[in-house]
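One letter stands for each residue in the lines below.
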Amino acid sequence: MRVLKEICRQPAALFGLAVILLVLVAALGAPLFAPFDPDEQMFDGLTLEGAPMPPGGQFALGTDTLGRDLLSRMLFGARTSLIIGLVANGIAVTIGLFVGITAGYLRGWAGNLMMRFTDLMMAFPALLLAIVLAALLKPSLWIVAMVIALVNWVQVARIVYTETRGLVERDFILAERSLGAGHGRILFLHILPHLVPTAIVWGTLGIATTVLLEATLSFLGIGVQPPDPSWGNIIFESQSYFQAAPWLVFFPAPSSC
Amino acid sequence: MLSLLVKRLIQSVLILFGVAAVTFVLLYALPADPARMLAGRSATAQTVANIRHELGLDQPLTVQFVHYVGGLVQGDLGRSYTQKTEVATLIAARLPATLTLMAAGILLEVLFGVVLGSIAALNRGGVIDRTVMMSAFIGVSAPQFVVALLLLYVFAATLGWFPMSGYGTAAHVVLPAVTLGLLGAGWYARMVRSAMIDVLNQDYVRTARAKGLSGARVILRHVLPNAVLPIIAMIGIDIGQFMGGVVVVEAVYGWPGIGQLAWQAIQQVDIPIIMGVTLTSALAIIAGNLFADLVAPVIDPRIRSN
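In the order they appear, the protein sequences are chains E and Z.
Per this note's numbering, the very first residue in the first sequence carries number 1; after that it's consecutive.
Per this note's numbering, the very first residue in the second sequence carries number 1001; after that it's consecutive.
Incorrect hints may appear among the rest.
Residues on chain E that point at chain Z, a partial pick, calculated with CB under 8 Å [as the list claims (entries may be wrong)]:
hint	residue
1	Leu120
2	Ile131
3	Ala215
4	Thr216
5	Leu220
Everything labelled a hint here was simulated from the structure, so no lab data went into it.
Heads up, the beta-carbon is just placed ideally off N, CA and C, and yes, glycines get one too.
With the rest of the complex left out, here is chain Z:
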């Protein structure tokens, strides 16, 4: 177990290093020039060259990369070109907003997914099952921004129940979190449904019923815990997805999270920030997978014994 953990951690660090290298090369290979961007339209070639020198962009790519990685191992993500602040500080300031949204979104999708998936599984083949699966189908295939705009239109613009955009109070979290929750719930509902149908056919469930346990007790104590494993795996994936993938929702709702930071940075070609956010997201993806792999044996003894 411990050696597995160590092995996985070493792997993770290597992957992170690889992501840094690929992003670095990619960003510098692109035609966008941050120095020219910073200097503005009317700047002379001399000014642009000065800025380029100041940012260290005139050095060879390898030198720049070694320099960057050198800082990285010390936890230094470099300084933003446009905001003249440490990237680590900028990201740390945005992290709480994204984490709040992530937590609320995951909570909602698990809640919706488990409830709907269970209902569908228990009414397998019936009208309720079909309705739930059809809605899950729509949820899975609807674009994020459409759902976000739809919710915004109905609940903020027309009904006025929630604020249009912004961050701070609990009311602000509702719409963005529901957007993420509704879309994710489709995947969860499908997964929970098939996992539960699997478990419902097991002998031990029949035994539990035969013992005379009530229906609710059978479901809650014997079926659900055995169907929970795929949900853990999904949560692990979602942790990673949400860190880098909420750009759209954050943009629609004006949510001051990592996604928005990245979006602004991309438009200004602020490479250190783009690098920082990409690495943070990659870290979240790796951590999410690691979480799923490590939690699985804890809750399921069958995996532990292997």
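One chain only, chain E, in its complex shape:
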């Protein structure tokens, strides 16, 4: 409840929450709301010249180049984008947490080695790496999610590492250790709970970047493959006709809380 009140006091956060809810509803209720099948190429979906139908009339947002209903495609596209956002980001945060905690807890040469590797990954041009991976592997929804996760875990690892380093030095860990607690107990019962807020913040913040990255990959034609709709490949396919995009503002609330 406290969180809700806090959010309501900030208009930006409220707005963010509203956008998230809207997308969530659109994604979950896609089969209910969508007036047409997203993959069906409608007989009357194109003008006589074969151009897409403009918005209005039977098709609320018009049709795309193949005569498919744009509204339906966008609703189903929300699903794809959201699945990728959640899966990719979930994996990224998990890897980041694991590497960060282990390196921060072990310290010594093993921890050092892990963090040097993280530094190395930071020097990598992330977008380029994602494009190379996505293009050379056969693209599919899951591959795209994996690729994004592989690129995005680095920042999480860095932050978790710093926090763990700080936690390990604290007195309660020392106390726990002198009571004879094992590594597993210390890690999972005493350090991990302290990292939950960080994980949540990154988990939600990261969804936005993930969705953006997915859209970028799909836009380049190496993300989610047609006929599966995603917000990125919808734009990619209708580039020449260009529909204005109402989903620009997609940034979760926690960033402003």
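With the hints as your guide, set chain Z onto chain E.
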């Protein structure tokens, strides 16, 4: 200071070496086969094997890597599979275009960001502040390609003020640079705003005001210089980001830069070029961070003394 520089340089070389190793392993572990790609669809197994031998791809991975690094330390990035040219030459030919775009983009985002961020900070809490921060919010969360297409549609296709795509004249730079500038400006505006609000609350600003200095003079001489540090850090990061991250903008605007080179190479599985571009980008990222770390003490004496 000097020992720090040397230490950082050695670190940088090691990181670069690491990036080369990881990319190398990654590229060869992927299922794409450059020899088959080059040979074409109807090639016999013999032809593919010949090409593979010719490119040295039939040797063990370690041998190939040692060979590659051997060339690398001599400044040799290898030869492109498809274009039969030195990769270094290809990259050098594309570099001016990307650097132009990078410079123009960074200039614009700093300009937009500093102006908007300052205005927001000076009107803190007001309608102007909220409007600016809301726009910054949109700028930060909008996908690059959407903004690029939007600008293209309005200013090139509809109004016809700027050319659709290409490279060469000053008019060609405007739209791609504005795309990068608009998107980046959001980050800068947020940062400048918070840095300036910080500085505005300092005692020395009150003193400057109390001395009777004009508002503009206080802002320009006392507030801005003290708020500039995070901007330098951001520019450092952007130098790296833009080198490897302008693939999309270059693709939309047909800008013949490094990103486009990489994009073509990726589609043809031209591994030497992919390696070369990745290394160039990594070098830019490292150089950008180094730049930020080295410039900071020069402009801020507080850091120097530590």
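Which of the listed hints are broken here? none
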